[in-house]
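Visitor: Read off the chains here:
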Amino acid sequence: MKRFAALFTALDQTTKTTLKVDALASYFAEAPEHDKLWTIALLSGRRPKRTVIATRLREWAADRAGLPLWLFEECYPIVGDLAETIALILPDAARDTDQTLTHWIDEIRALAGLEDDEKRARILDIWDQLPKTERFVFNKLITGGFRMGVSQKLMTRALSRATGIDEPDLAHRLMGDWHPDTTSFESLILTHDPEADLSKPYPFYLAYQLDGGPETLETPPADWAAERKWDGIRGQLILRGANHYLWSRGEELMTDRFPELARLIDHVPPGTVIDGEVLAWRDERPLPFNALQKRIGRKTVPKKLLTEAPVILYAYDLLEWQGTDIRARPFAERRDLLEQIAKSVPDAMPMRVSPLVRFDDWEQLAEARDASRDHASEGIMLKRRDSPYRDGRKKGDWWKWKVDPLTIDAVMIYAQQGHGRRANLFTDFTFAVWDGDALVPFTKAYSGLTDAEFRKITAWVRKNTLERYGPVRQVRPEHVFEIAFEGIQESPRHKSGVALRFPRMSRWRQDKPLSEANTLADLKDMLAAYG
Amino acid sequence: MADPLLSFTDRGIYCARGDFYIDPWRPVDRALITHGHADHSRPGMGRYLATDAAAPVMRHRLGDIAIDTVRYGETRDVGGVEVSFHPAGHVPGSAQIRVAHRGEVWVVSGDYKVSPDGLSEPFEPVACHAFITECTFGLPVFKWAPEADVRADLNAWWRKNAADGKTSIIGAYALGKAQRLLTSVDPDIGPILTHGAVENTNAVMRAQGISLPDTIRVTPDTDLKSIKGALVVATPSALGTPWARRFGRSSTAFASGWMALRGVRRRRAADRGFVISDHADWDGLNTAIRETGAERIFVTHGYTSIFRRWLEDQGYDAAIVETEYEGESLDRDEPEDAA
Chain A
1 MKRFAALFTA
11 LDQTTKTTLK
21 VDALASYFAE
31 APEHDKLWTI
41 ALLSGRRPKR
51 TVIATRLREW
61 AADRAGLPLW
71 LFEECYPIVG
81 DLAETIALIL
91 PDAARDTDQT
101 LTHWIDEIRA
111 LAGLEDDEKR
121 ARILDIWDQL
131 PKTERFVFNK
141 LITGGFRMGV
151 SQKLMTRALS
161 RATGIDEPDL
171 AHRLMGDWHP
181 DTTSFESLIL
191 THDPEADLSK
201 PYPFYLAYQL
211 DGGPETLETP
221 PADWAAERKW
231 DGIRGQLILR
241 GANHYLWSRG
251 EELMTDRFPE
261 LARLIDHVPP
271 GTVIDGEVLA
281 WRDERPLPFN
291 ALQKRIGRKT
301 VPKKLLTEAP
311 VILYAYDLLE
321 WQGTDIRARP
331 FAERRDLLEQ
341 IAKSVPDAMP
351 MRVSPLVRFD
361 DWEQLAEARD
371 ASRDHASEGI
381 MLKRRDSPYR
391 DGRKKGDWWK
401 WKVDPLTIDA
411 VMIYAQQGHG
421 RRANLFTDFT
431 FAVWDGDALV
441 PFTKAYSGLT
451 DAEFRKITAW
461 VRKNTLERYG
471 PVRQVRPEHV
481 FEIAFEGIQE
491 SPRHKSGVAL
501 RFPRMSRWRQ
511 DKPLSEANTL
521 ADLKDMLAAY
531 G
Chain B
1 MADPLLSFTD
11 RGIYCARGDF
21 YIDPWRPVDR
31 ALITHGHADH
41 SRPGMGRYLA
51 TDAAAPVMRH
61 RLGDIAIDTV
71 RYGETRDVGG
81 VEVSFHPAGH
91 VPGSAQIRVA
101 HRGEVWVVSG
111 DYKVSPDGLS
121 EPFEPVACHA
131 FITECTFGLP
141 VFKWAPEADV
151 RADLNAWWRK
161 NAADGKTSII
171 GAYALGKAQR
181 LLTSVDPDIG
191 PILTHGAVEN
201 TNAVMRAQGI
211 SLPDTIRVTP
221 DTDLKSIKGA
231 LVVATPSALG
241 TPWARRFGRS
251 STAFASGWMA
261 LRGVRRRRAA
271 DRGFVISDHA
281 DWDGLNTAIR
291 ETGAERIFVT
301 HGYTSIFRRW
311 LEDQGYDAAI
321 VETEYEGESL
331 DRDEPEDAA
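So the sequence lines, in the order shown, correspond to chains A and B. The opening position of the first sequence corresponds to residue 1 in the working numbering, with each subsequent residue numbered one higher. The opening position of the second sequence corresponds to residue 1 in the working numbering, with each subsequent residue numbered one higher.
Don't take every hint at face value.
Distance condition first, Cα-Cα at most 30 Å in a straight line; then the derived DSSO-like pairs of lysine-lysine [as the list claims (entries may be wrong)]:
1. Lys-294/A - Lys-166/B
2. Lys-143/B - Lys-119/A
3. Lys-132/A - Lys-166/B
4. Lys-456/A - Lys-166/B
5. Lys-143/B - Lys-2/A
6. Lys-444/A - Lys-160/B
7. Lys-166/B - Lys-16/A
8. Lys-343/A - Lys-400/A
9. Lys-304/A - Lys-294/A
Counterexamples of contact, computed for chain B against chain A with all Cβ distances above 12 Å [to be verified]:
10. Gly-80
11. Val-81
12. Ser-84
13. Arg-102
14. Leu-139
15. Val-141
16. Ser-184
17. Leu-224
18. Lys-225
19. Pro-242
20. Phe-247
21. Ser-251
22. Gly-263
23. Asp-313
I should point out that these hints are in silico values taken from the structure, not numbers from a laboratory. Ideal Cβ positions, reconstructed from N, Cα and C, are used throughout, including at glycine.
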C-alpha cells in the first residue's frame, strides 16, 4: 500500500489541480490493475462494506494506547476525523509490511462474520505493521469515510491521460452500479460498452452560479430559456427495457425510495432518460423542503408518509429518446421532445414539466426572479437554447441565478471551537434575537466569515468568555452579525419557534450596536411572510 | 491556612509576599518574565527581571526598559521571596521561574519544551509543590517525532525543491522557531534567505554569541534571479503575500505543532506542514509534570479542561486558571513578524 499511501500524500499536500492530476495519472500508469480499479472506486464514492463498527475501533485504539475512552472521545472532535485520531494516538508500529491496496481491502472484508475478539486481534496486528500514513489510510478504508480531495472530474481527467480515452466517454463508463468485485479495470475502463448496462445513468450537467446577473452574459435574452430553480433532489429517471431507475446526483440509486414514480412506466416509453427535480408536491405546488426531507434517507417508505409527502418528478431535460443518446442536440430541441412525451402522461401521474418562464428582456426576468419565493422556488435557471447537455460543472451554458437570501441581524451568544480544518479557531456560533430584554437563541451558523475574521473573533472569544459549558463558551453579548438564510419554518423543537434553512454569517455588523439587532417579532413576521 | 504563595489576578500571576508579578498582561511595577514572546513579555512594566539570554530580545522588542538580568540557577531575593530561573527549552533564554518561601516552592513554567532542539538551553525539571503549566498540545494526538527525523524531512524537502528549480519558503515565528530551523537545516544545500523580521532577531542572537548559519536578508534590492535553490525563512504572515510571490516558482511550508493535524494543515493551504513545535507534546507535558514531584498543578493555556481532567485521573490536584497566554497560535503574529 506504500504506492497508494504515496498517492494519498501527494494529493493531500497540494491544492493545485495540475499537481493532483499529475500524481493520479502517474499512479494510474504504475499501480497494479486491481489497485487501480479500487482507487477509481474509492474516488467515485464506492467503498468496501463496513465490517467493524466505529465504537469498537475507538475502544480498541484507546486501549492499545493505554488511554481512557473519555480522553479518546475528547480528541476525536478536535481532530475531526476518526481514522486520523486513531492513527495519531496509537504507539508506533513495530513492523513495516508492504502489501497492495487490494490486499488490505480484502483483509477488511475478511473480518465480516468474525467474532469481536477475533476482529480485535486482527486489527491490532494490522495496526502494528503499518507506518503512520498507511495506518491512516487503512483506518480510512475500514471506517468507510474515504475522501481524498479529488473530484470525480479530476480523477476522470487523470484517467483519460493515462488511458488515452476521452473524458466524457470515461465519465459515462464510470457511472452507475459497478463494483470492483464484479468487474475489472480492463472491462470497466478499457473495453467497456455502456449500452450493455440498462441502469447506467448519464453524468449530470451542473450549473454555475451567476454572480453578476444576466447582463453579464455574452449573448442576448433571446438566446436563453429560463425556468424556476427548485429546491428538491436532482434526479435522473431512466426507463429502459421493462424497468425504471432513479439516480441521484451523487450517483445513488433512489428507485425504491420514491416508489410512486414506478407508475410512469405505463405512460413513458422505454428508451427514455429524463433529468429533473424530485419534489414533494401537493395541490399543484411544491411542499416545503422539510416535507421532502422526511423521505430522504428512508430506504422504504411507510404508507402514511406517501400520503403526507407525495413526490413528483419535475422534468426539465431529456437525455435519451427512443433509445438514443440525444445529449448533443440543442436544449430547445430536447425540451420540445420532453414536452411531447409529457403530453401522453395523464395529470394523475407523478410527473410534470417544469414550465419555462417567459421573458423578453432581462428586466422582465429580474421581476420574475423577485417573485421566486411566491413560487416556492430558489431563483431562476438560465439555459442556452442551442447548448448540448454537458457533463459535470462546466461554465457557459447553464446558470443558476438565485434569489437573494433572507437576512436578519443577530447577537452572538455562544461560541465553540471548530474541528478538522478549523480545529484551533472558534467557528461555531449560536445567535439570538431580542425578546424584550432577553436574548432568545434561534440559530447556529458556522460559515461565511473570512479566515481573518475567524481569527479576530477567536481572539475576542478567548478574552470575553462569561461561562463554560464543556466545549461551549457563553460570550459577552457584544457582536452583531447579519445572518443570511434560504428559508424559514415553524419548529416546535426550537425555543424561538422557528428553524432556518442554510443559515450562515453574511456580514459582521461591526457598525451596529447591540440594541439594533432584530427581535423575535421580526423573526415571526418573516415566518408569516415566507414560512 | 495561609494565603497561597502565588495567586491569579486579572493582571497576571502574582506573588503577594514579594509583591511581584510573573508574565503579567497589564502594566505592573515589578515583572519577572519567562521569555520574550509577546504574550509573556509585554510593554509597560516598571521593572523587568529576566535571564541574561532573554534580555537582548526583550530590549530589541520593548525598547528602553528597566531590566535586570540573572543567570540560570542564580538565586535572587525579591521582596523577601527567593526566586530563580531555570531552562525551559522553549526558545533561547526562556526560563521556568522558581519561587520559594519558607520551604514552599512554586514553579511557573511559562512555555516549555522537554526534548532538546540543539538551540535553546535544554529543559531542566525543577522540584516543587505547585507547578503552573501550559498545555497548548495537551492531547495524546500530539506526539513529536525525533529531532533527527524532522531535520531529515526538512532537508529532503529543501533538496528536492532545489533540484526542481524551486525556492523553498517556510513560515516560522521570528523569535525561536526561525533560528531553530536555521540550525536544523543543512546549509550546504543552498543559500538561506531571511525575512527582515527574522533577520532582526538573528542579529540580536548573533550579538549575544548564539551561532547561526550565514543568511541573506531579503530587501527590495535583493537580486533574486541570481540566487538559485534557496531556502527562505519567513514569518507566517508573509506567506501567500506579494512578498512571498517575488520568489517565483516555489514550495511553501509551515513549521508548527498544529501541522500534526491534517485538517489544520489543509486549512493553511501550504504545500507542506512540518510538525515542529517549541512546546511540549503530550508525553513531554506528562514527563515534565511527573518530574517536578508536584501535587498541585495549575493549567494555564491550551486544552485546559481536558488536560485538567486527565491530571485528576492521574491523582493530581489540578485546576484551570484563566490567563491571556496564547501558546502556539497559527493565527497570531508576533509584533515584528508583520514588519
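Visitor: Of all the hints given earlier, name the ones this structure violates by number, lowest first.
Guide: Of the numbered hints, 1, 4, 6, 14, 15, 21, 22 and 23 do not hold.
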